[in-house]
Amino acid sequence: MIFRRRRTHAIDPFRPVTPTVPRPRDAAPAAPRANPEKLRLRAERRLKFTAACFLVGFAAVGLKMGAISASEAREPATGGLAGAGIVSERADIIDRQGRVLATNVTATALYAQPHLMVDSDAAAEGLARVFPDMNPETWKRRFKSGSKFFWLKGNISPEQQQAIHDLGEPGLLFGQREMRVYPNGPLASHVLGGARYGEQDVRAAEIKGVAGVEAVFDDYLGDPAREGAPLRLSVDLSVQTAMERVLLSGMKLMNAKGAAAILMDIHTGEIVSMASLPDFDPNDRPQVLTQGDRGDDPLFNRAVQGVYELGSTFKIFAAAQSLELGLTNAGTMIDTRGPLRQGRFRIRDFHNYGNQLSVTDVIVKSSNIGTARMALDIGGTRQQAFLRSLGFFEATPVELTEAPGARPLVPARWPDISTMTISYGHGLSASPLHLATAYASLLNGGTRVTPTLLARAAPPEPGPRIVSERVSAEARHMLRQVVTRGTASLAEVEGYQIAGKTGTADKPSPTGGYYRDKVITTFAGVFPAQDPEYVLVVSLDEPSIQAAGEERRTAGWTAVPVASEAVRRIAPLLGLRPDFDPAADSFGAYLTRAGADN
Amino acid sequence: MRTVFYALSICLVVALAFWAYDEGYRTRATERAVARLERTIGARHQELSMLKAEWAYLNRPDRLHELAEMNFESLGLVPLAPDHFALADQVSFAPPPPPEPPRNRIAGKVLERQIGDVIIMNHVFGAEAESRVIAPPTLADDGEQLP
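Protein chains in written order, with UniProt numbering: chain A, 1 to 598; chain B, 1 to 147.
Worth flagging that the hints you see were computed from the coordinates, not collected in a lab.
Each hint should be verified, as a subset may be incorrect.
[To be verified] The calculated EDC-like cross-link candidates involving lysine to aspartate or glutamate, where the alpha carbons are at most 20 Å apart (straight line), are:
#, chain 1, residue 1, chain 2, residue 2
1, A, Lys252, A, Glu551
2, A, Lys518, A, Glu469
3, A, Lys153, A, Glu125
4, A, Lys518, A, Glu492
5, A, Lys252, B, Glu54
6, B, Lys52, A, Glu89
7, A, Lys153, A, Asp166
8, B, Lys52, A, Glu550
9, A, Lys507, A, Glu533
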């Protein structure tokens, strides 16, 4: 509602006044002219009022600016779920089925501020009562040294916390933090590695990976942008459990001092299980051995770091290459008269196998002489190129901190004698993981696989071709016959057609030469042979068993029964259905598989 | 007229001031509530991760294995083996309904005494499997089975 004052005179003072319009006679007499002094005072008052308004306005703005600059910067409390988003500072690690392998729990740390203490001597005595490993004299001295801060314990139990509370000492304080926990104990310890505290603060402590995937994915696990999304490994917890159990009992039964096993998906290269014994508990990671053999350290991952001569398991590479190059076929007869002389070296067989054997029988009976002859035909250069394509010349790319350091030992020069010895697995040392990768690449249809510990979201593109489908099928058929009528006859598991090769290598002694009675036995195989799904490598260190009336050390008596028991336990867990059809073992089944992929 | 106008403006200013302060207080109260909720969510998340860790610890394969061994008598659990796979044709039809309990109570007790000691085993071990001792379950103070 707007009231407007009535106009009393014309708006435009410059408009000429028409004389026709008579001036109102009864207009009010003009107001007397106001006192100029009064007018001046009023104007001054108004100006002062305006100035005061501006002053108050600017003062308010200035005060607010001052307050903002003086106060501590703070994120707005609402929006973005500030407190709820960040749960733990390090993401969980889960297995391929989502079961927890590593997680965090809250923990309490104990620290001391001596300048807040009432009686530092009593505090030191009390601490020594609660923690028997703390020396009261040392801490009495330290509390009096003038320092204002000491870390006492990284994480303590609630009972210990209560005991410290009961001491009633204001200078002993508790800090909140998180603690890395491996709920399954020593299971998959070499894969997980372990963690320790990095930068420590009273309110929180940084967790850093020390070894294994924890160290490789340190940044990834601690990245806040990922909001705690867990890291999914390719390892399967139940398979890993079964594998470690079988391996441990096998190791005890065979009187071995160490053992390693790898189970890998033959098409994708995902490592479903990797075990190395003796192992350790990553919750309480032991110190690195400072004396003795580094290879006997529980922290040593034999499956990845252990670089051994792998013996006769290499023979299939020479045979497959010979087939691939068209130098021989599975039935070609090879001269196996021994001993084979090369310079000052002589190559012998375990038994005398007669004058000649077919290529299949060279593999089945594991003849060194026959393999060496095939390798000589192939030649050193082509052999090197083939082994290089299988990955025997570089470290494995698996996601473990230990992996890049484990480079295979290959001879610097490659004379004919190296060609011959390497064809049956002596003179070139590689890890069981190298062997598993090479077997997977050769026997999955002939394409290279890359080993990985991460669960793949989708099957990867097949790698470069190593051998043809047909050669791959023939190699599998040869290895199958090693199990049905050769050195690995104890590996037979009804329903799962295992195909594989044994290898027994003398251990090199640190003083030079080889031990006479210490061997490393290996079994490398795939199953089911006609349509392979998984590759398994089992390796035992210094096994020895009394069997059939004498002491046995060969792989056929030691590594093979362990591998067969492992397959018997693990294959059902992997959901592999046994096939009891005898036709599955005919060579036709292998070729159908080879044709199906084309 | 002017007086009414002034009075109304003052009332309006007072009312607006009330409204603004009220909004301010309500906003701050909501902020506090949100902060409280966020703290609660954080604490629940913390509890959840703790419970998950505990679940994983209680389900660790070693413990499950020992519990399965302890309760072998009642559960008869054995490791999965190749001969546990079967075809759908091999699955038999639903078993016939259990026989009626005997009318005569004394006869029933006699029968129960006769068959009470029989342990029903779901799995037949191989002839050469070594014999094993099945330990009776040990109970903790609170009745929980401890491996």
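When the structure is checked against the list of hints, which entries are broken? Sort them ascending. 2, 4, 5, 8, 9
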